[in-house]
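Chemist: Sequence:
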Amino acid sequence: MSAKGAIILSSNKSFSEWGELFTDQVLATALLDRLLHHSSILNIRGQSYRLKEKRQSGLFQGTDVIQESVISSA
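To convert, count from 1 in the sequence shown and add 1; that's the working numbering.
Watch out, some of these pointers could steer you wrong.
[Stated by the list, open to error] Label-pair restraints from in silico Cβ distances:
(1) 5 to 60: 42 to 52 Å
(2) 9 to 30: 20 to 30 Å
(3) 41 to 13: 41 to 51 Å
(4) 28 to 57: 33 to 43 Å
(5) 35 to 58: 36 to 46 Å
(6) 60 to 11: 23 to 33 Å
(7) 23 to 57: 15 to 25 Å
(8) 12 to 55: 39 to 49 Å
No lab work stands behind these hints: they were computed from the structure. Everything numeric in this text was worked out from a predicted model, so none of it was measured. The C-beta atom is built at its ideal place from N, Cα and C for all residues, glycine as well.
Put together the whole structure using the sequences plus the hints.
Modeler: Encoded structure:
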């Protein structure tokens, strides 16, 4: 018996940076291969809503453009 369901995974790292994150390019490639099989990928670019108040108050001076990849698979 196999279970079916959806998974939503979000990250502020691009797929090319996952090897650095897991400190093993082969492991990251294998993981992404399995996650991306039969998946839909949505890339979102924009400013972080979490830093909005800090920007308005002047506590955050940098640019905060992010890339978030959301993976949904069934």
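Chemist: Could you tell me which of the hints above the structure violates, numbers in ascending order?
Modeler: 3, 7 and 8
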